[in-house]
Amino acid sequence: MIDPETASEHLKNIRALMERSTIYRALSAPGALFGGILALGMGLWMALSQQAHAMQTMTLFYIWVGVLVIGDSFNAWLLLKKASSRSEPFFSSGMKVAMKLILPPMIAGGLLSHLYLTKGGDMSMCVVLWILFYGLALLAAGSFAPRSMRYLGAIFVLAAIICLIVSYFYDPAGDIGLAGFLMAGTFGVFHIVYAVSIFLKPDSAA
Amino acid sequence: MIDFTKLDKTIHERGRLSIMTLLAARAEWNFQDLKAELKLSDGNLITHLRSLNNAGFVSMTKQVEGRPQTNYALTKQGRTAFEDYLAVLEQIVNAGKS
Chain W
1 MIDPETASEH LKNIRALMER STIYRALSAP GALFGGILAL GMGLWMALSQ QAHAMQTMTL
61 FYIWVGVLVI GDSFNAWLLL KKASSRSEPF FSSGMKVAMK LILPPMIAGG LLSHLYLTKG
121 GDMSMCVVLW ILFYGLALLA AGSFAPRSMR YLGAIFVLAA IICLIVSYFY DPAGDIGLAG
181 FLMAGTFGVF HIVYAVSIFL KPDSAA
Chain Z
207 MIDFTKLDKT IHERGRLSIM TLLAARAEWN FQDLKAELKL SDGNLITHLR SLNNAGFVSM
267 TKQVEGRPQT NYALTKQGRT AFEDYLAVLE QIVNAGKS
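As you go down the protein sequences, you meet chains W and Z in turn.
So that you can map any letter, position 75 of the first sequence is 75 in the working numbering, and since no number is skipped, the others follow by simple counting.
Heads up, the working numbering is the position in the second sequence plus 206, with the first residue counted as 1.
Read the hints as simulated data drawn from the structure, not as lab findings.
Keep in mind that a hint or two might mislead.
Said to hold, decoys possible - Just a few of them, taken from the derived set where beta-carbon distance is under 8 Å, the chain Z residues facing chain W: (1) Leu228; (2) Ala231; (3) Arg232; (4) Ala233; (5) Asp239; (6) Ala242; (7) Leu246; (8) Ser265; (9) Val270; (10) Gly272; (11) Val299.
Said to hold, decoys possible - Some chain Z residues close to chain W (C-beta under 10 Å, calculated; not the full set): (12) Thr227; (13) Leu292; (14) Leu295.
If you're wondering where the values come from, they're calculated on a predicted model, not measured in any experiment.
Heads up, the beta-carbon is just placed ideally off N, CA and C, and yes, glycines get one too.
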C-alpha cells in the first residue's frame, strides 16, 4: 500500500528526473545576452563603419569567427560554473547529446559559408547561410531543448527563408552594410530578446 | 478500484525507479552516463540493472567498437510496466483528492 502523499511525491520526483535528463539548455540567458550585445555591436560597426566596408570579405569572416569564439567561450564558462555549482560534470549526458545534435549543422554551415566566400561569394548571402544553419542547429536539438530554444531556432530559420525570398528581388552583392544589419538584427536582437524572455520566465522547461 | 498488483515491486525501489525513469525518458543510456546522472556506485548500479534485466524490463547491449561500453534500454515489457506503475500512482493521488 502507498498513501496519496507518497504517490504524489514519487510522481514529482519522476517528473523532475525526466525533465533533467531530457531538457538541456545549451544556451544560457547571460550567455545569450552577452553574445547578443556583442553581435549587435559588431553588426552595427560592420553596417556603418567605412573601415569595415573597405575590408576583404574573408577578413570579415574571420572577425565573426572571433566573435563566435568569444561568445561561445563565455557561454561555455557559464555552463561550467552552473555544472560545478550543482556538482554535475560539465560534459554531462545532456551536454553530450546536445552537442551531437547541434554541431553537425554548425560545422556544415561554417564550412559551406567559408567555401562560398573563397569562391568569391557575397557577404550578405554568407550571413544568410549563418542565420539558416544556426537556426537549423537549434532546431536539431529541439527534442532535447527547452521551448524557448526551439522558438529561437524557428525564428532564425524563418528569418533566413525571408532573406532568401527577398534576394530573388534584390541583389545584395557587395552590400556589407546590409550584411552588418542582418547580423545585428538576428544574432544581436534575437539573442537579446531570448535572454530577456528567460530572465522574465526562468522555468527550466520554458 | 485501484489495482495495487500493478505497483511492481521491482520498479518500486527508489534506485530502480530512477533508472526506469531515465530509460523511459531517452532511448538508450550507457553505464557511465547513468552512473553520473544518478550518482550511484558501480556496484549499486550494476545490482539494480541486473535485477531489472532479470525481470525483463531492461535490455543490455555491449558495444565493442571504439571505447567498449554497455548500453541500456527499456524493453517493451519494461515500458508497459513503467506506464502501469505511473497509472497506479496517478490513481492513488486522484483517489486522495476525491
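Structure-based check of each hint:
no.	hint	in the structure
1	Leu228	5 Å, holds
2	Ala231	4 Å, holds
3	Arg232	6 Å, holds
4	Ala233	10 Å, violated
5	Asp239	4 Å, holds
6	Ala242	6 Å, holds
7	Leu246	13 Å, violated
8	Ser265	18 Å, violated
9	Val270	20 Å, violated
10	Gly272	14 Å, violated
11	Val299	5 Å, holds
12	Thr227	5 Å, holds
13	Leu292	7 Å, holds
14	Leu295	5 Å, holds
In summary, the structure is inconsistent with hints 4, 7, 8, 9 and 10 from the numbered list given earlier, while agreeing with the others.
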